[in-house]
Each structure stands twice: as C-alpha cells, then as structure tokens.
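Student: Below, each chain spelled out in residue letters.
Number of protein chains: 2
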Amino acid sequence: MLPLLALLMLAAPPSGGVDAYLRALNSVPDAQRIAQWHELLGSEPHIAGTEGDARQIERLRAAFVAMGLQVSVQEFECILPQPQDAVVEIVMRGAPAAGTAGAPSEPGARRGVIPLSTRERNLAEDPSAQHPGLTAGWNAFSGSGDVTAPVVYANHGTKQDFQKLKEWGIDCRGKVVLARYGGNFRGYKAKFAEDAGAAALVIFTDPADAGTKKGKTWPEGGWANDTCIQRGSILALEWPGDPETPGEPAEPGAAPAAGTPAIALPKIPVQPIGYGAAAQILARMTGKPVPEGSGFAGGIPAEYRLEGGPDLQLHVKVVQDRARRRSANVIAALPGAVHPDQWVIVGCHHDAWCFGAADPLAGTIALMESARSFTEAAARGERPDRTVVFAAWGAEEYGIIGSVEWAEGHRERLLKSGVAYINLDMAAMGPNFGAACSPSLGEAIRSATVRVPQARGTPGEMVYDRISGGGRKDPQFGDLGGGSDHIAFNCHLGIASASLGSGGSEGNSYHSNYDTIAWYRSTVGADYAPALMITRMTNALAGLLADSPVVPLSAARHGREAQRMLQALRDRAKAPDLVAAIEPLQARAAALAQSGAQLDAALASALPSLRPSDRERLDQLLLSLDRAWLDSRGLEGRPWFRSMLAASDRDSGYAATMLPLLSEAVDAGDVARVQAAVARYGEVFGRLEKGIGDAQSLVQSASAPSGPPAPLGTR
Amino acid sequence: MLPLLALLMLAAPPSGGVDAYLRALNSVPDAQRIAQWHELLGSEPHIAGTEGDARQIERLRAAFVAMGLQVSVQEFECILPQPQDAVVEIVMRGAPAAGTAGAPSEPGARRGVIPLSTRERNLAEDPSAQHPGLTAGWNAFSGSGDVTAPVVYANHGTKQDFQKLKEWGIDCRGKVVLARYGGNFRGYKAKFAEDAGAAALVIFTDPADAGTKKGKTWPEGGWANDTCIQRGSILALEWPGDPETPGEPAEPGAAPAAGTPAIALPKIPVQPIGYGAAAQILARMTGKPVPEGSGFAGGIPAEYRLEGGPDLQLHVKVVQDRARRRSANVIAALPGAVHPDQWVIVGCHHDAWCFGAADPLAGTIALMESARSFTEAAARGERPDRTVVFAAWGAEEYGIIGSVEWAEGHRERLLKSGVAYINLDMAAMGPNFGAACSPSLGEAIRSATVRVPQARGTPGEMVYDRISGGGRKDPQFGDLGGGSDHIAFNCHLGIASASLGSGGSEGNSYHSNYDTIAWYRSTVGADYAPALMITRMTNALAGLLADSPVVPLSAARHGREAQRMLQALRDRAKAPDLVAAIEPLQARAAALAQSGAQLDAALASALPSLRPSDRERLDQLLLSLDRAWLDSRGLEGRPWFRSMLAASDRDSGYAATMLPLLSEAVDAGDVARVQAAVARYGEVFGRLEKGIGDAQSLVQSASAPSGPPAPLGTR
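So the sequence lines, in the order shown, correspond to chains A and B. Position one of the first sequence corresponds to residue 1 (this note's numbering), numbered consecutively onward. Position one of the second sequence corresponds to residue 1 (this note's numbering), numbered consecutively onward.
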C-alpha cells in the first residue's frame, strides 16, 4: 500500500551550501591554538583603564590585524575608579576607636583590634597570584569613607532580606551591614544597604556557595579557599554603560554636558572579604541567632546571628578615586560577500579584575579562535554571505561599558544591520553546554548543537545528544535578560541575542586573584575541550546566521515563547481581574505561533525558488520581527530598556524579566497598569502580525507554482 | 560579570553509551550490499499465496538465519483471491452485446466492439516486465461477473463525488462507473460505487496524477505510460487483516467458526486500466461535460463527461477465485542483553503485486540492511539492551493481513513488551526524508535525523539540516493513521509507531508490472543513497529505542500534540456549543504538555543516578502513556480500532483521523455525542495524568539529592 509517500515527499528542498561552509569553519579550531590564546591574553592582570589593559588592547588589535580582518580600536572615556586603600578590622569594646589617619593597620598594635585580610594568600603552587599588578579585594564604585560601627547580618542582602530584618525589628541605620554573595547582583546589596541607612557594607563569599561546602579548595581543589575574595562593580543604575552618558556614546575627551543631573553613585564604603575573615566576625557576634528556616544560615561552621551585639564593632575604610580613564573596544570585521550591510556580531569582553583566566578569557579565547576559523576559511576562498563582526569589549566589569557605548554610538546602523549578537563571556567553563537566547534564535542554536561534538563525550556524541537527554526531550534554552555585553543588543536595540556557555567543573575562582591559567587548567582542564566545543558552537551559530540564504531567525518562536511567558505571568497573577486582563494577549500569541510556524515552513520550502531580491526583503522582514518588541517609551522608570520582551530584573540585576512591562505591572497588582501594559503589547503583537503577514505574502508570491508540502498522512 | 554560569551548568548528565552504539550500528550499512538485497528479493513476482511468495519467504528466512538471528516463520491461512480473467471492451450501439461465454476477446472480431488493453505493453528496455509470473491488471477481492452497460464518470469516486453526481441528477444504478485513481483508497471507490447501485467499476490512472502531465513516461522517464495499470486490493471492511477473523489470528487450517456472520466482500466486478484505454472510452462519451470548477476534469487530452450517452456501453468481465491460501510472516529477533522482554519492532511487508522493486522492496531492503547492521555489531560484542525484532510481513497488499494476524496472535505479549514499531513500507523512494509517527516518538525521530547524513547532500549535511530548512524550523512529522503494517500496533495496541519514508524522485510505477529493479535504478537511482539513508535512520531510531537507559518516549508530546489536534478540531467545529464542549479538554491537554515536559527534563537529568530497578519501572510507566490512549470499547461501529489517538479515516482509508472518537462526533455535528466523546477522552487524560505523576514521583525519589537545573538567566 502506501501509495502517497512518493508524491508527498517531493517538497523538502536542499538547505543550501551552508553545511559545507560550516564544515569548513569547524575544521579549523584547534585546542593547542586555543591554549596559546590563553597564554597570550592571560599573561598579566588587565583591569580596565590600567596599563595592563592598554597592552591587552594592543595584543588583541595585533592578533586581529594578523588574521587579515578590518580592525578598528574604538576608544571611550568614562569614570573608571581605582582602589587606593581598604581596611576591615574587628574592634572589640574597650579598644580605642580606629584612627582616621589612614595609616595601614599593624596587626596586634592596638588592644582589641583584629585586622582582617583583604587579600588572597600567596601560594607556592601558583606564583602568578603574587603579580604586582594585582590588587587587594575591592568593589568598584564603592564610596570612600572610614566607618566604625556595630554589625548587622543581612544574609544575601536582597530586597526580601532587608524586609525581613525590618520585620524582625533589626535596625540597619548607622551599622556596618555584613552580607554574603549570592542571590542577587552585588550592586543591589549596596543599594539596599544604603537605602536601609547602613554606614558601610562588607560582603563575603560563603563556603556554602563556593568554598569548603562544595569541595576541595584551591590549590588542593578548585573551590574558593578561605582567603579568596570576589571583586566586582557595585554600579546599579537604571541603565548600563558609562554612568554619565545614558543612551549616548562616551566619546573620549568630551566632558559630560553642562546641566547633567548628578548621578546616584554609591555613597557608603563597600568592601569584599573571604570567608576566613567573615568567620572571625561571625565568631564574635553575640546577637540573636538567625531564625530557623529563614535561609539566613550559611556554610561557615559558626552560629549565624542577626546582630553583632554591644561589644563588637567593625572598622571599614575604603578609599577609591573616581577618575576618568580611557579604555577601548577592539572591533574586527570580515565583510560579507553578498550582504556586507548585514552584521552578525560575536563578542566577549577583554577586561578583567585580575588575570581573568576564566572571566572573561574562557570566552575571549573562543572569540579569537572563532575569528581565526572564519579568516582561515576566507583565506581558502570561503567567505560568508553576511558580514561577521568580532568584538572584544572594554570595561565590561565596571558596568558593561564598552559594548553599551559602542551600541549607543551605532544605534541607527545596528537597528538596520544587526542580524544577531552572540555573547561569549566566560563561556568555556566545563563540558556541559548551555545557552540563553532571544526566542528567534532558538532553532538556529538547536541546529548548531547538532553539528558540534560534545566535549569529552562518547564517540559520536554531539552537543545535541547531551542536552536533549539522548533524544528524550526538546533542548531548552534559558531566557536572556541583561548581565553582560548582550544587554544593549538584547534590551536596547531589539537584536536577536544569545549567550553561549558551559559548566560542570568543580571549582570557582570568580573575580579573585586566583583566576589564573594555573587555576583554569587544574579546574576546567588543560585539554581545552570545553573551549574547543564553544568555539565550534560559535562557528556553527555565527556561520548559520551569516551564510544561510535567508537569515535563520524563527518566526514561530516569537508567538510560542510569548505564550509560555504569558502563561507563567498568568499563573503568577492569580487575581481574577489581572488574569482576565492578560487573557486577550494569550489568544493572539497562540495565533502568532501558528502563523509564524506556517511562515517558517513555507520559507524553508520556497528557499530554492527565491530570487536574491526576495531573499533580501525577507531578511529585512525577519529582522523586523525582533525589532517589533521595541517601544521607544521604554520601561517604567527605565527608559533605556526599550525591549518589551526582555530586561534585567529591576530588583536583583542577574535574573531576566520577560515581558517586563507587563510583568512589573502584574507584580504591582495594579489592574489599570496591567491593562495599559496589555495595550502596549497589543501594539507589539500588531507589528509581529504585520511582519509575519508581509513575509507570508512575499513567500507566496515568490513561490506561487508549488504549494506547501502536504502533511505526511501515509498509505 | 556572568557569575552564575559555572554554577548553573552543572546539571547536564552524559547521555550514556548509546551514542557509541549508534555509531557502531551506522558504520555497517553499505550501498552495494543494499543493491544485492534488491537483486535477491526483486528477482521474480511474488504475490501473496503464490509459489513466488513461498520462495520469497524462504529467501528471507535463510538470510535472517545466516545473520544469526532467532528466526520463526509464522504461517497464516486466509482468503487470498487470484485473477482468472479480465475483459474491458467498448461496445458501440448496434453492435451485438458481449457474450457470456468468457472467451478471450479477439480484437476487431465483432463490429462496434473495441477491446481495451488490461495489461502493460512489453518493453525492449526492460524485458523483466514480460515475466510469466506477472498478471494482467486486477483488483483483488473484486466480485466476479460479466456486465455490459452504459457509462457514468465519477471523478475519484469519493463519497463527495458520488454525492455531487446525485445532486446533478446522474443515476449510477446499473451503470459501469468509470473513476480515476487518487483522492481515496480504491476500496472506497468500489464501496461507494456499489452503494450507488453501479453494476461494475473501471478505475484508471489519470496522467494528471502519475503520467504525461507529471513528466516523461517509462521507459523514457519514470512516470506511468499509457498502458501502466495500478493493481491493488479493494477490501474496505471496518477492520484490517484477514476478513474472516477480526481481532483473532488466522491460524493455518482452522476453518472460520460456525455461525460467523457473512462478511460484506465486494460484489460487483472492479477492473483497473491504463490511461491509454481510458482515453478511448472518454473519446466516445457524448454526455454533458463535467461542470467547470468541479475538479472532475483530469489530464487526458479529451473532454471529461459525466455520462457516456446512449450509443456507448462498456463490457466488463472479471473472474477471480476466492480461495484460502497460505502465506507467512518471517520474524527474526536479536534478544536484548538487559531487557529481553522489551521489544523494539522494525517491519516491512515482503509481498508485492508484481516484482515490487519499489513497493515494498524499497523498504524491505532497508529492513534487511538494518538487521545486518544490528547483527554485525552484535558479532563484535555490541548488543542492545532491549530486544530488536525484524519482521517481514506477508500479504500486506491484500489487506494488511500478516502483521495484523501476528499482532492479534500476540496481543497480551505486545501490550506488555511493545516499546515501539517502525514501519518501512516502500521507504527509500528518493533523497527527501519524511516520517509520520505517534506523538511520543517525535523527539527520538528528530534525534535520529541528527545522526544520519542526508542522501546526496552537501558535505556534512545531515537529514536534520534538510528537514529543518537549515535550522530555520522545528522539523514536523506527520500524523500516523493506518494504511500499512503499523496499523495494528498504532490503532489496535497503542504501541508508539512510526512510518519512515523518503521521496523526491520523478516517477511512479506503483503496483504495476513496471515496478522493476530497472525502473527503480533508472528513477530513484542506482546509487541506493536513499536506501542507505533510510537504513541509517532505522538503525539510529531503533538503536535509540533499544539501547537508551530509559526508553526515549517523550511524555511532553502527548499533551502537546493533543493540544494541536484539539485546536484543529475546534477550528473545524465552529458551532459554539460544540466548541464549548471541547474546551475543558484543551486546558487539560495544556497541563499535560507542561507536566510531561517537566517529567522529560527531570528524567534526563536523573538518568545517571537511577538504579536498574527504577529504570525498569520508568520504562513501564512511559509505555503506559502510549497505552493510556486505548479504550476497549473501540470507535463507533469499528470496535477493532481501540486507539482513541489515531485511526484511518473511515470514508477515505488513506488519511489519518486524529482523536477519531471526538473527530467523528464533531463531524456528525451532534453535541450529545461530542459530550460523550469528551467524557471518554477525560478517562484517557486521567490515565496520562496518573502515569506522568507516578513517573515524576519515582524520578524525584530516585534522584532526591540534586534538584532540576536552574534556568540559564545569566550574569
């Protein structure tokens, strides 16, 4: 029987020459070359704005030039603080108060004063951690000040944690707040502490999150030892990038416009410490133990208490300058052979708090090897249709500055030309691949995982096999908010964005002086197999985006993912009036998912019969679907955030908030605000409907002779 | 920044040794070996019940035995008609009526009588088409009779076509109905013609569907020439398999039980012809032309008319026996190393109307090469965990008899042990892969496409790349109904089933004497690249099913596909009361999709920590989800059809009807019947909910230490 099969299966068209191109690209990457990139870029500390940073920029420029790329070094100038002094001391009752002279503390010099370490211990096993370019622990953009005051413990210092303290009658005013890392972006710990009236903030790494409770510590194992300190910026404004030029590029030499309102930079001193130092404080606290089940207790073998009690004070002194300094992005382009004005951008920052072997270099080395893959293929005559831009961003660590300034400076161009942005920050950290992305990139990423061998996998195992649980489930990618250099592309410009990464290693040296090549090779591995996998994933994804006959952005996923997000919001809203207000959007999202899927299928079958002019127009229409999420009014109180699809969570910084305008309205429990948001999403959906409709008409008229493939209803 | 990546990505577990096993399997298939299978099995005609059939069964048995498989030849006995005589003549007014003596017609012997050919023309290019084992054109299970009567043209002879004739005032009673192939299963053409009172039915191949209008004809091209005749059974009962033993196996020698009610076998003579013969009839018809826009006009260069007019009669004589004959299934098993009682079954029929180079051998050769792949790997020490059964079915062409009888004879065993059934009927017909499947197999099939090179693809192109439109869309597989040997597994036993196939060749020799190896090599190709691809797809899918630590049946897809089917039904229902009745099921399907996805994800992460006993129990729970669709009451009027998920369309035979109980109720427009169906689907959904819940509890208790992976919300 089965008479219809032969007739039904006429439709599948070839996917074009892109497969051969991807194969050519992925024959290039080499683990040994990647190791050499690591040695080149991880040879010294390179904090943004320092001389080490300038040398790093020159290394990158020279490397891209040697590959034959079109390179430009884009300088920017903005506030990039540097640390001058950092003191944390325990002061027990009866001891003389700490002086204000700023003299370095001398251990044991004063009775009842116990100085705490603000720097990692030297290790014979890794002498690089003694490099003179390394600093004591510090949090960039801390206020400068000298405070001696009683202690309050605030758990992770989240909004909820400070609320609980208030409920429990704990007053933070005038106190030194002690908080542990985790649960939110550290900038929010500082913000909420300041809001609660604290005089200073000390942040420690808890061994439950990264140290002894996880496994052996450095150098015996990879986890944080008792002196390991997480540095990092505490800038938490309503926009990323240079704090003084929201929405505009920070051109070198241009002073901020007169009349620029004062920016709310942090005021109180904020200082990070290791858990060895934190244990000494905890051991001397005498207040009420943290309530059971509150989640405030951590992994230090001591009682966690809410207050230090009357005998304990902490002396915290932080001195930082807030000078303007220069840094730069290094931008290297391989012009497309057919559509030079369509840009696929691959980026990773180059600045680090220390050596940065993991952050960012675990991504930067994949960026470099991917650039080498594209240029080697080009040298053999294989050029992608579209332009591929490799970007090594500056000053990400201070507040995602370099990439935001570049995006702001090229806004009109990017809105027109930006096909997609792929971020690689700290990407190769283990054998387990993961990604977060804009909806429209989901299909292309899945397709890339199909083409890349699993790092340290069984023979023949591909990344797809691992993340699909051996073909058991559709691989899921996370929702992408902000948090790294994709933020301007994803949240400000409505360009399809992805963050590729990997994990599964036993250790964490994050933002510490131990983030060295020695640590990386011992913990993530000296075989560079994860970096090889990430490079190939980058090549496959960027290659698909740059060389497919029509940009492989999924139309169906806009509606499909919107359905999922709306359902989650609806589940969270609960109140019937809120749920009822959201409902009309759900039906429209379902219809969008359906028409999008029809477009994707029709486009796939029509590909061979499309003329170049049709393809160019379809590219534009598909890009317009990502732009459809933009609303120039921005989010409430955060006009820089123009994407109505994705934003950073406004109270934690790290998490992604999807459909943020509606999500924030739902969380506010305000029906009128929800209705207003629904109306604005109605406009977004209208643009999506129109874009999909226009593309459908174009595909139909371009491929009139052959209809869509019949469903495979056999016999 | 990006602090959470390393921590977030700890979760992905290895997918196990199955990748290495699939690689081992797919290193075996060889195009030249496949060509040799073709020569072995396509050497002579082998109609079920004939001596050629018996020799074919012996060839298969010997080949499986030589591979080292455990082989059993399962004989069955049932009515397998054979043709004795076939005459079609044009009789013009004034000519003497055709005699009843049954003498062969002598061309030109009687004035006004024009004998028409009922057999393919001999071709110097392919002498095999003159093999003495080949027959004239015939339709098995035709009534025997001798009729001379005026002509009515009924287009495709669908229910709608006969309705239109009635509306137009055309009376079929006592007439010879002329209908063309296409639009439905030929058995329904005969049934509806008989219902309309026709005295005989003549079916022709229209050049618009398979001949001159499609391209060059055989032997210049691959399409049907003017003498090419489509044979085939016209059995159209409410159950497939042996007509006399619905639901029970047809044991050899066992006469039907006394008191068995008479079965409604076709009564009128039914005869197929080529379009050369049909053109001669059309040219002599003088009735009203077919209405414009009715879709009745075809591709013969003549006016298509509704009636022959007063001067034209057709003489149709068909003589067939209805003897009981024997045929057999050849069943070959490779016992599983860990779960010998779990069966993955791969099957294709072996009987054909002629040589069967395409139907079925384009699938049978992949079956044999897949069996060789599994046994070669086993010889090297690589045995699958579960048992793989290779089945070459008998007498499929007569009414899907062999596979149905086997399934009926092993019902209890299969309900317990059947993991999945993969059908390969006529599978390798071109480079474009396609599949139809049960929902639960969708993920595994996609995963298989990832591992198999695209036939005649660009370097590195995989099947997935082609069917995803180069990573543009999620590959879609068709809905699987009946129509071939999967019907018993899919519609009677609730076993996850798939039909793999491929197309894209320019030609059609379906069920004709031209379906020879010469035709296949000229039309589909002598490189056997499509068969190599289908073999590898079979190996990858069967290997995944047989060797994954837990059977890779997707829980999420039950709810997801049910949602889609319910939405389609709702769109078709339109009437508000019908739509309202369906609505509650939609919410439950959405919840099932969600809980199923959670189960799939949890199971994938928990795999490494599951004990063998947990895995065994999870296998059973996952199999129970497919069985959850069974309802022993069956469909209305068709109790053999026990799956509430999928059935053959009751009015066309070929198409799949999904959610058939509800679908038929909706089409009847009967609210009470829809409500009753909804209640029965409520029971199905309840079983699915329970199965998913039980599996979730088991996974949770088995993997308590590690939670589900956190979403990838970066920074």
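Simulated from the structure, these hints should not be mistaken for laboratory data. Watch out, some of these pointers could steer you wrong.
Okay, the calculated bits of chain A under chain B, using three or more residues with CB under 8 Å as the criterion [stated by the list, open to error]:
| hint | stretch |
| --- | --- |
| 1 | 440 to 453 |
| 2 | 465 to 471 |
| 3 | 539 to 553 |
| 4 | 598 to 607 |
Only a predicted model underlies this, so the values are computations on that prediction, with no experimental measurement involved. Using N, Cα and C, we set each Cβ at its ideal position, and we do this for glycine too.
Student: With reference to the structure, classify each hint as holding or not holding.
Tutor: So, going through the hints one by one against the coordinates:
| no. | hint | verdict |
| --- | --- | --- |
| 1 | 440 to 453 | holds (count 7) |
| 2 | 465 to 471 | holds (count 7) |
| 3 | 539 to 553 | holds (count 5) |
| 4 | 598 to 607 | holds (count 6) |
Figure legend: structure checked against the earlier numbered hints; every hint is met.
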